[in-house]
Amino acid sequence: MSFLNYVDPADLPAWRLLTLERRNGLVNVLAMSLLDGNGIQLSHFGEAIQEKSLNRVQVEGIVARIWEYRHDDGVDFVARIAVYDEHTPVDPKRAGNFGRARRAAHYITIRFANGKTSSGAAIRLQLKMRIRVVGELRDKAQVVSCATNCSRPVPPRWLP
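Quick note: the sequence shown uses the working numbering, first residue 1, plus one each step.
Rather than coming from a laboratory, the hints here were simulated on the basis of the structure.
Fair warning: there could be bad hints in the mix.
[Said to hold, decoys possible] Pairwise CB distance ranges, derived in the manner of DEER restraints:
| id | residue 1 | residue 2 | range |
| --- | --- | --- | --- |
| 1 | Asp8 | Gln41 | 53 to 63 Å |
| 2 | Ile40 | Ser118 | 20 to 30 Å |
| 3 | Trp15 | Gly99 | 45 to 55 Å |
| 4 | Glu68 | Lys93 | 41 to 51 Å |
| 5 | His44 | Phe98 | 20 to 30 Å |
| 6 | Gln41 | His71 | 28 to 38 Å |
| 7 | Phe3 | Phe98 | 38 to 48 Å |
| 8 | Phe98 | Asn5 | 39 to 49 Å |
| 9 | Gly115 | Gly39 | 17 to 27 Å |
[Said to hold, decoys possible] Below, computed lysine to aspartate or glutamate pairings styled on DMTMM-like, alpha-carbon distance capped at 20 Å:
| id | residue 1 | residue 2 |
| --- | --- | --- |
| 10 | Lys116 | Glu136 |
| 11 | Lys128 | Asp36 |
| 12 | Lys128 | Glu60 |
| 13 | Lys128 | Asp85 |
| 14 | Lys116 | Glu47 |
| 15 | Lys128 | Glu68 |
| 16 | Lys116 | Glu68 |
| 17 | Lys116 | Asp73 |
| 18 | Lys116 | Asp76 |
| 19 | Lys116 | Asp72 |
| 20 | Lys116 | Glu60 |
Here the structure is a predicted model, which is why all the values come from computation and not from measurement.
Ideal Cβ placement from N, Cα and C applies to all residues, glycine included.
All chains should be modelled from the sequences, with the hints used to inform the complete structure.
Spelled out as structure tokens, the structure:
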């Protein structure tokens with residue numbers, strides 16, 4: 001079942017023509033460090049960060065998903081990393097490790113333009129890798145139609 005299954009058939013054409021602007025925050029990666037399970041740096045890719053910027057982001061997390069984004073100028077590597085910190089909610093249904101609470105993750109999308117850092121270092125990512133990236137916060141605006149995006153299943157809590 002999807003949202004459109006609950007729309008009055010007379011209103012369905014109007015719902016399918018509806019478009020919404022959608023923005024996704026991205027971190028364009030300047031450098032990346034591969035970390036071990038204790039947060040110790042194993043290797044570093046890209047140039048060392050020397051200057052400070054108002055638009056500078058450093059994020060550490062676990063690679064949860066990897067995909068490619070093809071465009072006219074090449075292929076970007078995009079990854080979603082799971083970030084765990086004291087601000088993420090505790091999951092009471094699952095036990096954590098070493099007596100610590102199990103937490104739900106925040107997810108951040110990072111982009112490697114043409115599969116490289118901005119300084120030109122080629123990278124390779126694998127699922128469950130623990131990485132630290134330094135970059136600049138960006139967003140990607142796009143227009144999505146209700147005809148394609150409202151056809152996804154609706155979570156049960158949204159059903160009437």
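Quick rundown of the hints versus the structure:
1. Separated by about 58 Å at the C-beta atoms, Asp8 and Gln41 satisfy the suggested range of 53 to 63 Å.
2. Checked against the given bound of 20 to 30 Å, the beta carbons of Ile40 and Ser118, roughly 25 Å apart, stay inside it.
3. A C-beta distance of roughly 50 Å is found between Trp15 and Gly99, which places it inside the suggested range of 45 to 55 Å.
4. Between Glu68 and Lys93 the CB atoms are about 34 Å apart, so this pair departs from the stated range of 41 to 51 Å.
5. For His44 paired with Phe98, a C-beta distance near 28 Å keeps the hint of 20 to 30 Å intact.
6. At roughly 32 Å, the beta-carbon separation of Gln41 and His71 lies within the given 28 to 38 Å, and the hint holds.
7. Separated by about 42 Å at the C-beta atoms, Phe3 and Phe98 satisfy the suggested range of 38 to 48 Å.
8. With their beta carbons about 46 Å apart, Phe98 and Asn5 fall inside the hinted range of 39 to 49 Å.
9. Evaluation of the 17 to 27 Å hint for Gly115 and Gly39 yields a pass: the beta carbon distance comes to about 26 Å.
10. For the given pair, Lys116 sits about 15 Å from Glu136 by alpha-carbon distance, which is consistent with the 20 Å threshold.
11. A C-alpha spacing of about 11 Å is found between Lys128 and Asp36, which places the hinted pair at or below 20 Å, so the restraint holds.
12. Annotation: proposed proximity of Lys128 to Glu60 holds, straight-line Cα distance about 12 Å (limit 20 Å).
13. Restraint check for Lys128 and Asp85: the C-alpha separation of about 17 Å stays at or below 20 Å, so the hint holds.
14. The hinted pair formed by Lys116 and Glu47 meets the criterion: a straight-line CA distance of about 12 Å does not exceed 20 Å.
15. The straight-line distance between the Cα atoms of Lys128 and Glu68 is roughly 17 Å, inside the 20 Å bound, and the hint therefore holds.
16. Restraint check: the Cα-Cα separation between Lys116 and Glu68 comes to about 12 Å, which is no more than 20 Å; the hinted pair holds.
17. For a cut-off of 20 Å, the pair hint linking Lys116 to Asp73 stands: about 13 Å separates their Cα positions.
18. At roughly 8 Å between alpha-carbon atoms, Lys116 and Asp76 fall within 20 Å of each other, so this suggested pair holds.
19. As the CA atoms of Lys116 and Asp72 are separated by approximately 16 Å, the hinted pair is consistent with the 20 Å bound.
20. For the hint linking Lys116 to Glu60, the alpha-carbon distance of about 18 Å falls within 20 Å, and the restraint holds.
Of the hints listed earlier, the one the structure fails to meet is number 4.
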